[in-house]
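Residue numbers (my numbering), protein chains in the order written: chain Z, 1 to 534; chain H, 1 to 534.
Please note that the accuracy of each hint is not assured.
Note: identical chains are not told apart, hence a pair may lie in one copy or across any two.
To be verified - Okay, derived cross-link-like pairs now, DMTMM-like style, lysine to aspartate or glutamate, Cα gap no bigger than 20 Å in a straight line:
no. : residue 1 : residue 2
1   : Lys298    : Asp157
2   : Lys298    : Asp218
3   : Lys464    : Asp415
4   : Lys419    : Glu155
5   : Lys56     : Glu107
6   : Lys419    : Glu310
7   : Lys56     : Asp138
8   : Lys56     : Asp415
To be clear, the hints were calculated from the coordinates, so they are not data collected in a lab.
Protein chains: 2
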Amino acid sequence: MEAKRSLWMFGLEADEPSYETRAAAAARLSQRLGVEVQAPRIPPVESLQLREPRIKPPASLAAFCRQDIRDRAYHSYGYDRVDHGVWGDYPNPPDVVAHPRSDAELEAILEWSDEGGFCVVPYGGGSSVVGGVTPPEDVGPVVTVSLDALNRVLEVDSTSRAARIQAGVLGPHLEDQLRPLGFTLRHFPQSFAGSTLGGWIATRAGGHYATNHTHIDDFVESVRMLSPRGWLETRRLPASGAGPDPNRLVIGSEGILGIISEAWMRIQLRPRFRATAAVTFETWDAGWEATRRIAQAKLWPANLRLLDPELARSSAGMGSGSALLIVGFESGELSQRSMVADAVSIAREAGGSVDDAEVRVEDGSERPTGRGGAVGAWREAFIPGASGGSLGGLAGLGVVAGTFETAVTWDRWPDLDAKVRSVTLDALRATCGGGSLNCRFTHVYPDGPAPYYTYVGARPQGLKAADAHNAVKQAASDAILACGGTITHHHAVGRLHRPWYDQERPDLFAQVLRAAKSTLDPGGILNPGVLIEP
Amino acid sequence: MEAKRSLWMFGLEADEPSYETRAAAAARLSQRLGVEVQAPRIPPVESLQLREPRIKPPASLAAFCRQDIRDRAYHSYGYDRVDHGVWGDYPNPPDVVAHPRSDAELEAILEWSDEGGFCVVPYGGGSSVVGGVTPPEDVGPVVTVSLDALNRVLEVDSTSRAARIQAGVLGPHLEDQLRPLGFTLRHFPQSFAGSTLGGWIATRAGGHYATNHTHIDDFVESVRMLSPRGWLETRRLPASGAGPDPNRLVIGSEGILGIISEAWMRIQLRPRFRATAAVTFETWDAGWEATRRIAQAKLWPANLRLLDPELARSSAGMGSGSALLIVGFESGELSQRSMVADAVSIAREAGGSVDDAEVRVEDGSERPTGRGGAVGAWREAFIPGASGGSLGGLAGLGVVAGTFETAVTWDRWPDLDAKVRSVTLDALRATCGGGSLNCRFTHVYPDGPAPYYTYVGARPQGLKAADAHNAVKQAASDAILACGGTITHHHAVGRLHRPWYDQERPDLFAQVLRAAKSTLDPGGILNPGVLIEP
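Please construct the entire structure, taking both the sequences and the accompanying hints into account.
This is the structure in structure tokens:
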């Protein structure tokens, strides 16, 4: 029942590197950054001293509530500040962690919290990188409600290709339940192994598909959410034009309006036909220009990932200065041969080089294409689970490493990219004495890309790591907003992105959101400080 | 500046049939229905006696406000009850019709109305079939705000393929402004000639594309709306994951939260490549089963219209009992030859017959395919402007004719179709002594179709036409809701669909919508009775 997410790195406990592995990685990093980095000893969870719980659930709730050190430490953070785990720093753990196993238990814990005025933090996989599941300070007792016991696929409608799924299911367990029926949700965010359906819906997660239907939003047929005022359940429909879409109130609500308990999701036939191509470009600019043309031709590839020269070099072994574009198509029904040919043709017209050996077509097999060559190298570096994600090699070193992302229209993209690179590298120099930055497109739309940046700086000497993080994040986020981007394409707002979200969203919309919250959560107990002020 | 919409039929004044044409049509209809139908004489607008205006705008607003008979009669109804025009029946016209020409004038008329507590009805093209622009009764003075003077494309971003467009532009005028630049919005609802961008956004209109991105929702990049509390303007973005999508509050709000003044819309390259096929099926069931398979294969045809045997016979000259499926692909960049071949292959596997002469591919020309044969006959019957729409031949006869539509998941579709046909024909028999009903799919999703029904009954003898309409509508709508459909896929809610919308949408969502309205329109002046109670 308990997810084995690591307390101090992105990924699972089972994938945690040993002290020796971390020490060797630290030595390599020292050389790369020119600054000495040492691997700290990480305190075992059993040795932690946590604040005593300020409340105790009544006997009627005891069967599904926990207050032990492990569970409270585990639910103290998402992934936003995993370095806290490195240092054993847990100043504000939740007082109670509830694991309801039924609608009735979910209602009971919410009712008890509402009556007591206890803050409630809904908790899926805990992969938030924006403080979305962090217990707020100065609000009194905190009850974290983990959905981990509500983790089943309840019903599958094979005719409509849809499934009713409980919100607390982790990605791999969800796929395990659909696979025997020949279906897949095909939503694979980088956090896949450690995030849940409910979390994806609450945060508008971006997933597997690089074009067309990218966000989880597009796969929600209906949703069920418990607010302190009761259940809000939408009708199962393929589409509707009846008033503002009620699903869209729930999707992206980040736990401030209610706790999502289940959803009918559009599912896919498992792909048997695939086609992939790798295209190289002499420059970054040529790469994104070709990517724009492919997106605007509406071929809707499942994969359209563009790597900048820095990333193409470090993760796919590309020659200096070249950008790499991975185009991939997949289908449960039809050969994708002509699709990939069309994409390659556009890419070549736009100046891309395609080695014929890097165009691979699989018809009628479940085996993915592109296991070798540049695509294969990229898969190894990026596919969740393959190596612990893009920051895997830096785990547990206490360095200043992180990611941020946005989406912007094409007309503003070149300016945004230039400005973001400039201010982020400046901030890394100022706080860490230097560092590096790379960019890839995770998703692409006809009217603009969703660029994803990864930065690394050494551990700052005269500064707390959190302060260095904040300085880099501040500089990058200010530039993104100033250049017309969104503060988040798929990492959500949480608490961390609030200052920029407050600029981005219309003031009157914030007022409507507050009115919605007052309606559904009159006591203001749900996730205060997320999205809007408490 | 003034739209020449007919006062008494679906379509434009220029297309109104003469009395003689209507008399001949009445004779033919009498024969078809077996009930005598006579064409009434329609009173000229100049002869109408309207209630005196109850308010007079101040001099500062006079330059863009009108109170003449023609303008007030014109803005008394949408398309929902065009038979009122046939009888010259205008009991509740607006008191003032404002035609603001700028943001400042829009602000001024809304401020004057808010201060006076006058009801405001935002008015686009007036094509509402659900009472969305009808002045409500018993609310005191009514100011209808027509957006017809705000009708320009203000800006085009060719790189991102997006345009900033004023809300009051009618479909054809919008296309006229984009055409010289090689672009098109490609949103062609059947009301195209007489509806506006703002109306499409406010009502979540369904348009040209039969699959993938079907509703106007998908083409809105950002939107600008004036509420009594001020402007709500969203950021131009290709996508975002920052909180609940603010665009989705505006889209579908049907004039109760504010007046949409402009939007950045995603536009398309004008298509040069097309491919079309016509497929016949021995039965209706075989037709929709094949349609389901094509939709689920995610080829995303622009056109995937399925006609039931009744409609295939009457509008496309098909043999008795056969269903007709029109599949069409289009692109500005790429040949659609392999796409149509894939679709035909799926259709044939599912039991469809395709004459090779009915598979047409045009590469590199702007000329649409399918001018002849079954597809051509269908085009003539259905494309807006070609013949005044599906009810064109019945215009001005005072018969009970109308349409309704829904969307439903595939698992529930067969039951819904059977029930809807049965109760609708029963209602036509009871009120009109008989009638006919046909169905087509206007839009198709992987998880379900959007069926569109057209019914015709003779003019009822012992009953008002409006009462007969209501009886048919009531029976059909009850069946739709009971069988799991939505009360509207793209005709909106307005006032007419309120009883069923109230059942369909979650109660807590209605409470949130009321809270949103109280926030943006504290005086409750905007379109009272639409979507939620006044």
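**Message:** Reference check for the pair Lys419 and Glu310, CA-CA at most 20 Å: within, between, both, or neither?
**Reply:** within (17 Å within a copy, 61 Å between copies)
**Request:** Could you figure out if Lys56 and Glu107 sit no more than 20 Å apart (CA to CA) within one copy, between two copies, both or neither?
**Result:** For Lys56 and Glu107, only the intra-copy Cα distance (18 Å) is at most 20 Å; the inter-copy one is 55 Å.
**Request:** At 20 Å max between alpha carbons, let me know whether Lys56 reaches Asp138 within a copy, between copies, both or neither.
**Result:** within (18 Å within a copy, 56 Å between copies)
**Homo-oligomer pair classification [Glu155, Lys419; C-alpha up to 20 Å]** = neither (49 Å within a copy, 25 Å between copies)
**Request:** First find the shortest C-alpha distance between Lys464 and Asp415 inside one copy, then the shortest across copies, and answer within, between, both or neither for a cut-off of 20 Å.
**Result:** This pair counts as neither: shortest intra-copy Cα distance 31 Å, inter-copy 64 Å.
**Message:** As a check of your reading, is Lys298 near Asp157 (CA-CA no more than 20 Å) within one copy, between copies, both or neither?
**Reply:** Intra 29 Å, inter 18 Å, cutoff 20 Å: inter-copy only.
**Intra- versus inter-subunit Cα pairing at 20 Å for Lys56 with Asp415** = neither (54 Å within a copy, 52 Å between copies)
**Item:** Same-copy or cross-copy closeness of Lys298 to Asp218 [CA-CA at most 20 Å]
**Value:** both (17 Å within a copy, 14 Å between copies)
Consistency with the previously given hints fails for numbers 3, 4 and 8, ordered from lowest to highest.
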